[in-house]
Amino acid sequence: MKKAIPFLLLIITLAACGSASSEKESTDSEKKEDEMAAAPVEVEVSFEPEPLTAAENADITATVTQNEEPVNDAEYVEFEIWKTDQGQESSETIQAVQSEEGKYTTQYSFSEAGSYQVIAHTQARGLHTMPQNEVTVEGADGQTSGDDSHNHASSPFEVTLEKSQNDKGTVLKTTINKDGVPFEKGEITYEISSPESEKHEYVDAEETEPGVYRARHSFPSKGTYTVAVHIEKPSEEIHQHQEKKVTIQ
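Per mature numbering (1 follows the signal peptide of the UniProt record, and there is no 0), the sequence shown runs over residues -18 to -1, 1 to 231.
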């Protein structure tokens, strides 16, 4: 009988350890699921080939990630496209298909040279993200028309502006390159205005990675806004700005 007691204790101890291990694995799994659910879905839009040329096929790709991992189960990715000077009421929407890990692609031919708006409407894991890009399309002769931004062909700066919306507001994201290199440690401010308001609002952006600046803003209503991206670096006597359009839905 005395020999049986240590054996029973051993069985009880092993059972307790197994139960604790199972509970820990379950807790870790739930914690990971909670972290994934809380993480935003990020969408990066790219165009190939560049520069874009009118009447030629181009690939438009949305790279969808969450916690820097590819999202392969998006409910849908749709590109809404319109010529800037014709307004969003002239837009057309094209469904994208998954082309590889976390990437959703469609092929599109821009009808003429000029400035275009491209919104990547993305529904994934219960979250809706809709970054907006402004792109310039060249004619066959390399010229553009109808460009409403204050940009000059000789400018060394390449500036893109995207937006993503959720119940906490709108995140504006600017990617800035100077002479093809990420423009780091700049002082970036968004000057936001609309035809419906005489008030201009100023929002400072924070550099979150080299050459990428983000800021959150609560737009008062739906509509199209002008966002002047002010680019400054006093140490290099740089002060420029470029105007972009964003549409809030």
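Please keep in mind that the hints were generated in silico from the structure rather than gathered at the bench. Heads up, some of the hints might be wrong.
To be verified - Pairs of lysine-lysine, DSSO-like flavour, derived with a Cα cap of 27 Å: (1) 85 / 227; (2) 167 / 227; (3) 181 / 227; (4) 167 / 85; (5) 215 / 150; (6) 155 / 65; (7) 155 / 167; (8) 167 / 65; (9) 181 / 215; (10) 160 / 215; (11) 167 / 204; (12) 150 / 227; (13) 227 / 160; (14) 181 / 160.
To be verified - If you anchor each label on the Cβ, the simulated ranges turn out as follows: (15) 76 / 108: 36 to 46 Å; (16) 216 / 94: 39 to 49 Å; (17) 75 / 198: 24 to 34 Å; (18) 37 / 108: 37 to 47 Å.
C-beta: ideal position from N, C-alpha, C; glycine also.
Here is how each hint holds up against the structure:
1. 85 / 227: Judged against 27 Å, a Cα distance of about 26 Å means the pair holds.
2. 167 / 227: holds, 24 Å
3. 181 / 227: Roughly 17 Å separates the two Cα atoms, so the pair holds.
4. 167 / 85: Violated - the C-alpha atoms of residue 85 and residue 167 are around 30 Å apart, more than 27 Å.
5. 215 / 150: violated, 30 Å
6. 155 / 65: holds, 21 Å
7. 155 / 167: Status holds; Cα separation ~15 Å.
8. 167 / 65: violated, 33 Å
9. 181 / 215: holds, 26 Å
10. 160 / 215: holds, 12 Å
11. 167 / 204: violated, 32 Å
12. 150 / 227: holds, 21 Å
13. 227 / 160: OK: residue 227 and residue 160 at ~21 Å, within 27 Å.
14. 181 / 160: Violated - the C-alpha atoms of residue 160 and residue 181 are around 31 Å apart, more than 27 Å.
15. 76 / 108: 36 to 46 Å: Violated: the Cβ-Cβ distance is about 24 Å, outside 36 to 46 Å.
16. 216 / 94: 39 to 49 Å: holds, 40 Å
17. 75 / 198: 24 to 34 Å: Roughly 27 Å apart at Cβ, these two residues keep to the hinted range, so it holds.
18. 37 / 108: 37 to 47 Å: Cβ of residue 37 to Cβ of residue 108: about 39 Å, so the range 37 to 47 Å holds.
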